[in-house]
Structure formats: structure tokens, C-alpha cells
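Visitor: With the hints in hand, could you dock these two chains into one complex?
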Amino acid sequence: MEESAPLHREEELIAELAELRSENEALKETLKRRNGYIHDKINQLLDVMGTKPLREEELDDDSIQDFDPLGIIFDSFRHILASLKEKNNQLQLLHDETMAIFSAAQVGIMVVDTEFRILSSNTKMREIFFGEVTEEEICGDHCRDMVCKGNIPDQLCAVRKILAGAETASFKGWEVRGHVFDVEAAPIHDLDGTVKRIVLVYNDITGLKQAQDELARMNAELETRVVERTAQFQEVNKELESFCYSISHDLRAPLRHISGFSNILLEEYCDRLDKEGQAFLRRICAVTNRMGGMIDDLLRISRVARTTLTLSKVDLSHVAENVANLFRDAEPDRSVRFDITPDLVARGDATLLGMVLQNLIGNAWKYTARKKDAAIEFGRTFMNGRETFFVRDNGVGFDMAYRDKLFRVFERLHGEEFEGSGIGLATVQRIIHRHRGEIWAEGEVGKGATFYFTLPDRDPDNKVGQ
Amino acid sequence: MENVQTIEFDISGQICPSTLLVALREINRNIEGINAGRVQLAFKTDNRDCTSTIPEAASNMGLRVDVQKDDSRYTILVSKA
Numbered sequence: 000m001e002e003s004a005p006l007h008r009e010e011e012l013i014a015e016l017a018e019l020r021s022e023n024e025a026l027k028e029t030l031k032r033r034n035g036y037i038h039d040k041i042n043q044l045l046d047v048m049g050t051k052p053l054r055e056e057e058l059d060d061d062s063i064q065d066f067d068p069l070g071i072i073f074d075s076f077r078h079i080l081a082s083l084k085e086k087n088n089q090l091q092l093l094h095d096e097t098m099a100i101f102s103a104a105q106v107g108i109m110v111v112d113t114e115f116r117i118l119s120s121n122t123k124m125r126e127i128f129f130g131e132v133t134e135e136e137i138c139g140d141h142c143r144d145m146v147c148k149g150n151i152p153d154q155l156c157a158v159r160k161i162l163a164g165a166e167t168a169s170f171k172g173w174e175v176r177g178h179v180f181d182v183e184a185a186p187i188h189d190l191d192g193t194v195k196r197i198v199l200v201y202n203d204i205t206g207l208k209q210a211q212d213e214l215a216r217m218n219a220e221l222e223t224r225v226v227e228r229t230a231q232f233q234e235v236n237k238e239l240e241s242f243c244y245s246i247s248h249d250l251r252a253p254l255r256h257i258s259g260f261s262n263i264l265l266e267e268y269c270d271r272l273d274k275e276g277q278a279f280l281r282r283i284c285a286v287t288n289r290m291g292g293m294i295d296d297l298l299r300i301s302r303v304a305r306t307t308l309t310l311s312k313v314d315l316s317h318v319a320e321n322v323a324n325l326f327r328d329a330e331p332d333r334s335v336r337f338d339i340t341p342d343l344v345a346r347g348d349a350t351l352l353g354m355v356l357q358n359l360i361g362n363a364w365k366y367t368a369r370k371k372d373a374a375i376e377f378g379r380t381f382m383n384g385r386e387t388f389f390v391r392d393n394g395v396g397f398d399m400a401y402r403d404k405l406f407r408v409f410e411r412l413h414g415e416e417f418e419g420s421g422i423g424l425a426t427v428q429r430i431i432h433r434h435r436g437e438i439w440a441e442g443e444v445g446k447g448a449t450f451y452f453t454l455p456d457r458d459p460d461n462k463v464g465q
Numbered sequence: 000m001e002n003v004q005t006i007e008f009d010i011s012g013q014i015c016p017s018t019l020l021v022a023l024r025e026i027n028r029n030i031e032g033i034n035a036g037r038v039q040l041a042f043k044t045d046n047r048d049c050t051s052t053i054p055e056a057a058s059n060m061g062l063r064v065d066v067q068k069d070d071s072r073y074t075i076l077v078s079k080a
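Protein sequences, first through last, are from chains A and B. The first sequence begins at 0 in numbering that gives the first Met the number 0 and counts up by one. The second sequence begins at 0 in numbering that gives the first Met the number 0 and counts up by one.
Hints in this document: simulated from the structure, not taken from any laboratory. Note that the structure is predicted; figures quoted are calculated from it, not measured.
Just so you have them, the derived chain B footprint on chain A, three or more residues with Cβ under 8 angstroms: (1) 42-51; (2) 63-75; (3) 82-89.
Below, in silico cross-link-like pairs of lysine-lysine (PhoX-like), each with a Cα-Cα straight-line distance of 25 angstroms or less: (4) A/86 - B/79; (5) A/84 - B/79; (6) B/79 - B/68; (7) A/160 - A/171.
Just a sample of chain A residues kept apart from chain B, beta carbon distances all over 10 angstroms, derived: (8) 216; (9) 302; (10) 399.
Glycine is no exception: its CB is placed at the ideal position from the N, C-alpha and C atoms.
Next comes chain B alone, as it looks inside the complex (with noise of 0.2 angstroms):
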């Protein structure tokens, strides 16, 4: 993981279907850079349900997601599979 940026997405307070389409429209923004192993993507979030709909719908696009839970906080981290 040297030399890969990551980029901080706080979409805490938010919930469905913007979470989503949040996620989707910077994942979309940053897709080349991802691809390409420089970039990575981490969202912050306190709605559960986004913690399954983002990793759907970015594994669909092709992505490796972790999800890990801080407290009553999650972290999305959308990378290159």
C-alpha cells in the first residue's frame, strides 16, 4: 500500500440513498486513479445500511472493500481488487 493516496470522505448524518450516491459520484470522480493503485477512498459513516450497499455496488464495479467498525462508526475503504 506505499504510495497510494487516500482521500477522506465524512458522510456521517447522512443516510440512504444519498450515502450511496455520495459514494458512488467520488468513486466515479476517482475511478482511473483507483484503478490505477494510487488512490484509495475512505468513507466515513454512521449509517448502517450504507455499509452494505456501498461494498455491493463498488465490488460490482470491480473494487476490493474493507469494512471496519470503530465504535458506532464505520470506515469504507474503496480500493483496486
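Looking at chain A on its own, in the form it has when it is part of the complex (with noise of 0.2 angstroms):
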């Protein structure tokens, strides 16, 4: 019995070692097991981060602590749970300011897939073509069924213009049910780049149109008025014309017999008349001149008026030398520089801008009549792009602010101390008129005038008005 206890003892511990060993190794089968389950679940991880899995010597547990991967993924993730929850909000802030546009907007707009199915569309939308119905109701219905109800033909069908690849599809005045409509279209694309949805914009021009359509009815009318009044104006104004021509050339044989029996008293019956009867006399034949001067000037100003213009090339650098060449010779004793660009030429009746000239350049001589050193010069600038041209001298000017008189017949800026019947630059405008050409003046007092003038294309095919 003494010797077996001892033996009995170290098979107990045999078998309890063995014990201990199995149990160490289901432990260490286990450890493997879980420790296998977290690199899996870490590899997965970084597959879903879109790298590679850990590498062999990354795998034991020693280096696994160290270097985190579990945690510097959660901590990733959480980061970009934060960043998607920011996004989301964004999104769903502007969803909503989208869907309040959507629904306020005052034109139908509609959401259709690619088989022509409704899937979203606004109130506007609804009630210009649908009725009493809810965007549910109307969802999944045709929008061929609905909208056009197979009026519009294929080519007028902003959807199939989409779908054939168009990056947008625009139709003015698409006519459907009796409205009238501008329709955009726009294709939404998915990530790949295939168009998903169409978005339809109809903006309803049917007020508009009608209004259009009687602005254009008002203005056709307007036109014959403005054409019928016009014709009226013309008349009345060809009656004056004939009138003031018929009065001009009716007083003139009276004017002559009173200058002419004045002029006989003067000559012959002087020595029965005292100074002072012999001055009135005198202002009688002065007078009567003067008024026959005035009616010379109205006669020119209408047959201005009447006469057909022959058109042709004028050179009217040749004619302002002709001009100048007259007012030397009638005073050879006054000093004036003539300054005159040549090969000026124009087209324009040749007798009527004759007299454009020879009025421009009379001005210029006589308002330069106190001036020591006169110059008048006749030549040509570019304003606005217009052929543009012009007398100019330094004689005594004028006012600016009396621009507006001075085409006026009768309107005169200066005095007695120069002689003038106030006719000669409204006989001038008439004629640049007639050539519908323009003519404007500038000036200031003491420094001299310029009058510009101009005259309309030489090209012969752009008539003229006659």
C-alpha cells in the first residue's frame, strides 16, 4: 500500500496534464477561430475602404494592437457618417426649396420617365391640363394620353427630341387645346450618363399672343392713319404752298406799279415835294424794294417746293468755288480767306445744292463783313459714320440758345446792321430735307457759325425723294 500511493498520485497528474493540454489546445482552436473572424471582418473593412488586406506579418495580434486598423476604421467611419448626415441635410434642404419652386412656379412643369409615364407634375401642370386631380392620381398616366393627346406630331415632341439625344428641346407657339405654349425640355442623366427622366417646362403664351396679336391689329390701323393723315397734312400743305405762290406772284404786279410810280415821283415831281415829303418818298421806294426782295424769297422758298429734283453728281467743291469766285468779284475790296476742300462730290439736284451753297456761303460772307481777317471754309468730316458737310466762318455767330430759330422762315438772330430777308436758311433746309439729308448748325457769339449738312448715299439705285 506505501508503494502504491505514490504511483497512484503521478497518474492522477498524467491525467490531469493531458486534461490541462487538451483544454489549452480547444482554447488556443478558439483564440485562432475569433482572432481569424476580426482579420476577416478588418480585411472586409478595407475592402469596403477600397485598399488590400493586411499582409501576413500585419496579421499577428502583437502588430494588430499596435497599428489599429479597427480603430482608426471606426473612427473613420464616424467621420464619414458625420460628412453623409451634413450632406443629407443639405440635400433634403435644397429638395425642399426645389419642391417650393416646383410648386410656385406659375408655369406646368412635369417629370416623365423614358416611356413617356408622369411622374411628378406641379399644380400649374395640373390644372392647365389635367383638372380636378392629384399629382397621385396623375402619376403613371401618359403624358401623350394627358397632355397632347396625340395632336402634336412626332417632330413637335420635346420628349422624343430628349430621347433622341438633343441636350435640350425648345418649342415656341406649340398650340394644343386652344392655349398656346412655349415648351423646354431637359434630359436628367444617371452617373453613366443615360437619361433617366425628362423634365417639361410649358409656360402658357396664350394672353400673351392675343395681346400680341392686337398690338399688331392696333398698329396696322395706326400705320393707315398715320398714312391717311399724312396724305391729308400733304394736301393741305400743297394748298398753302399754292396759295402762298399764288399771293407771292399776285402782289408782285401791284408792288411793281406802286415802285414804279414811286419811282416816277422821285425822278420827275421831287422838286414839288419838301425834305420831308421827299423822305418819305424815299422810304416808300425803300420799303417797296425791300417787300419785293421778301416776295423773290417766298417764290424761291416754294418753288423749292414744287420743283421735281433731277439727280446727278454735284461737285460741290466746284460750285463753293463759283460761289466765292461771285462774292469777290461783287466786292473786290474785302479781304476773306476761302479755304475749300476740293473734289467734294455729291448726289443731288444740281440747281437746288447751288443754292444750298450760295445761301451758306452768302451767310458766311456777310456775317464776316467786320471781320479783319475773314475766313470761310467749305469741307467735309465723318460724324456718326455719316458723310458729313459743312461751311464754316469766324464771323460774328451766334446764341446756341436760339439754334431752333434760325431755320425759321421770317426768324432772323441779327439786326438791321445785316441785311437779310430771313428766308434764306429755311429755303436751305428744305432742300436738304428734300434730299432727306439733315442740317444742324453750331455757333457762338463773336467766334463764328458752322452749318453742317447732310446728303443721302451716292448710290444711284437709293432714290432720292422727289
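Guide: Laid out in C-alpha cells, this is it:
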């Protein structure tokens, strides 16, 4: 018994050791399985992050604990989630804004899929096309049945145009069910660029179209009335001009008698009058002469309106030289420097354009009479791209405040010190207007004046008003 | 970019997945500074794979990523979007 007890104890210990070893192996197996699970999950997470799995040397427990990939990925996911949450909030806000615009828009808006099925529509769209239905009720119906009802040809179908590859589709004046629309369409693509949906916008312009038609009708009516009224004015003007011509013409004969008999009185009966009587008679002669001049001017201005224009190329420089010589010959004692740009040619009526230059250069000659170093220039410039002729002098000039009076009949800016009837510039303006040109003047008191005028295009096919 | 501190990390010689994990660890550590616009991180690497993995992960966190190439090396700059 004494020998068998230790032996028995040893056997027990061996058995216990074997059992412990077995438990240890089982635990090791369990641990390995759990570590394997963790490694697998880490690798799956790394795969989600788009990178490669852990390598062998990174797989041992110490490395994993030191590097802590699980902790890193966990923290990263937290930040990604926070970012996604923020983006979701922004998207929600954007969605709410879009829906508010969608609902409040005063144009019809509809979204369809590539099979022409209605996916959504705003209130205005339903009001225009669908009547008393909710968005849910109309959802899934075909737009061809609900909107155009098959009355629109394929080439005017915005959905078809987008499906055919167009980036946008736009149709103006699209008529359906008695209404007129401007239709705009645009595609919504998925990530690979395929068209998934189409947004259509219908702007009802029926009222606008009616207003435009009404406006066009009124404009046409107005145009007719303007033409009629212009014709009436032209008729009245013509009558007035005839009247003026007749009066002027008829006045000449009695005036000639007054003038003639006054002169006879002055020449043959002068000695029978006292000095005062003689003075009165001389004044009668002077004013009848002046009146005769005015009547001649009036007849001239009437003729301008009545004459038919005969168009040709006119060498304005040559005409200006002739006019200048005329004045030089008339008053050889005056010293006036003429500066005339050569070869200035315009298309117009030679006689009337001659009158223009005679009047303008005549005025310049007259209003530089008191100037020692008088200078008169005829030249050409370009204003706003238009060829513009001008006559400039350094004479007495005029106050720009009165420039509107310059071209009015019988209006004069200067007194008796300068002779004139006040008809010359009115005649010039009438001639330029008959050529469909423009005339205007610039001046300054004591520094001279410049008269500018334009004449129509020189192209012989461009007819000048008769 | 005034008053923005740039922190540089040289992860040359490292390959995936450690390049991404190192970058993510540093981004996580500095996320507040980056989001406040005070800090930007510059990762210098010679591993071409991580020029797509790091930008994608950082973009998902709502950050801005610029990749510059200099010879055979890359600099991945992570900053506030």
C-alpha cells in the first residue's frame, strides 16, 4: 500500500496534465478562430475602404494591436457618417427649395420617364392640363394621353427630341387644346450618362399671344391712320404752298406799280415836295424794294417745294469755288480767306444744291463783313459714320440758345445791321430735307458759326424722295 | 490659404493598406483643425495605389483632396472643402 500511493498520485497528475493540455489546445483553437474572425472583418472593412487586405506580417496579434486598423477605420467611419449626415441635410434643404419652386411656379412643370410615363407634376401643370386630379392620381399615366392627346406630330414632341439625344428641346408657339405654349425640356441623366427622366416646362402664352396679335392689329390700324393723316397734311401743305405762291405772285404786280410810280414821283416830281415829303417818298421806295425782295424769296422757297428733283453727281467743291468768286467779284475790296476742300462730290439736284451753297456761303460772307481776317471754309467730316459737309466762318456767330429759330421763315437772329429777309436758311433746310438729308448749326457769339449738312447715299439706286 | 498650417507626412516605401491606414489615422487625429480650416495635411508617397484610395476616403469625409505629381512621387494634400 505504501508503494502504490505515490504511483497513483503520479498517474492522477499525468491525467490532469493531459486534460489541461487538451483544454489548452481547445482554447488555442477558439482564440485562433476568433482572431481569424477579427482579421476577416478588418479585411472586409479595408475592402469597403477600397484598399488591399492586411499582409501576413500585419496579421499577428501584436501588430494588429499596435497599428489598431479597427480603431482607425471605426473613427474614419464616424467622420464619414458625420459628413454624410451634413450632406443629407443640405440635400434635404435643396430638395425642399426645389419642391417650393416646383409648387409655386406659375408655369406647368412635369417630369416623365423614358416611357412617357408621368412621374410628377406641379399644381399649375395639373391646372392647365389635368383638371381636378391629385398628383398621385395622374402619376403613371402617359403624357401623350394626358397632355398633347396625340395631336402633336413627333417632330414637335419635346420628349422624343430629348430621347433622340438633344441636350435641350425648345418649341415656341406650341398649340394644343386652344392654348399656345412655349415648351422647354431638359434631360436628367444617371451616373453613367443615360437619360433617365425628362423635365418639361409649359409656359402658357395664350394671353400674351392674343395681346401681341391685338397690338399688331392696332399698329397696322395706326399705320393706316398715319398714312391717311400724312396724305391729308401733304394735301393741305400743297394747298398752302399754292396759296403762298399765288399770293406772292399776285402781290408782285401791284407792288411793281407802287415801286414804279414812287420812282417816277422821285425822279419827276421831287422838286414839288418839301424835304420831309422827299424823305417819305425815298422810304416808300426802299420798303417796296425790300418787299419785292421778300416776295422773290417766298416764290423761291415755294419753287423748292414744287420742283421735281433731278438727280446727278454734283461737284460741291466746284460749286463752292464759283460762289466764292461771285462774292469776291461783287466786293473786291474785302479780304476774305476761302479754304475749300477739293473734289467733294454728292448726289443731288445740282440747281438746288447750288442754292444751298450760295445761301450758306452768302451768310458766311455777310456775317464776317466786320472781321479783319475773315475766313470761310467748306469741307467734309464724318459724324457718327455719316459723311457730313460743312460751311464754317469766323464771323459774328450766334447764341446756341436760339439755334431752333435759325431755320424758321422770317426769323432772324441779327438786327438791321445785317441785311436779310429771314428766308434763306429756311430755303436751305427745305432743300436738304427734300434730299432726305439733315442740317444743323453750331456757333458762338463773336467766334463764328458752322453749318453742317448731310446728303443721302451716293448710290444711284438709292432713290431720293421726289 | 493664409494662416493654414501644413503638416507633412512622408509615407514613402509603404504600400496598401498601411498607406491608407496611416493617412486615415492622421486625418482622424487632425479632423477638427482641418474642418476649421486651420490645418492641412500633405502626404508624400511613391505608392500610386494610394493616390486613389486616400482621396476617395477623404472625400467621403467631406474633405478636399488635391494630388500633385512630382517625378515618381506624389503629394496628396487634404484640406477643408
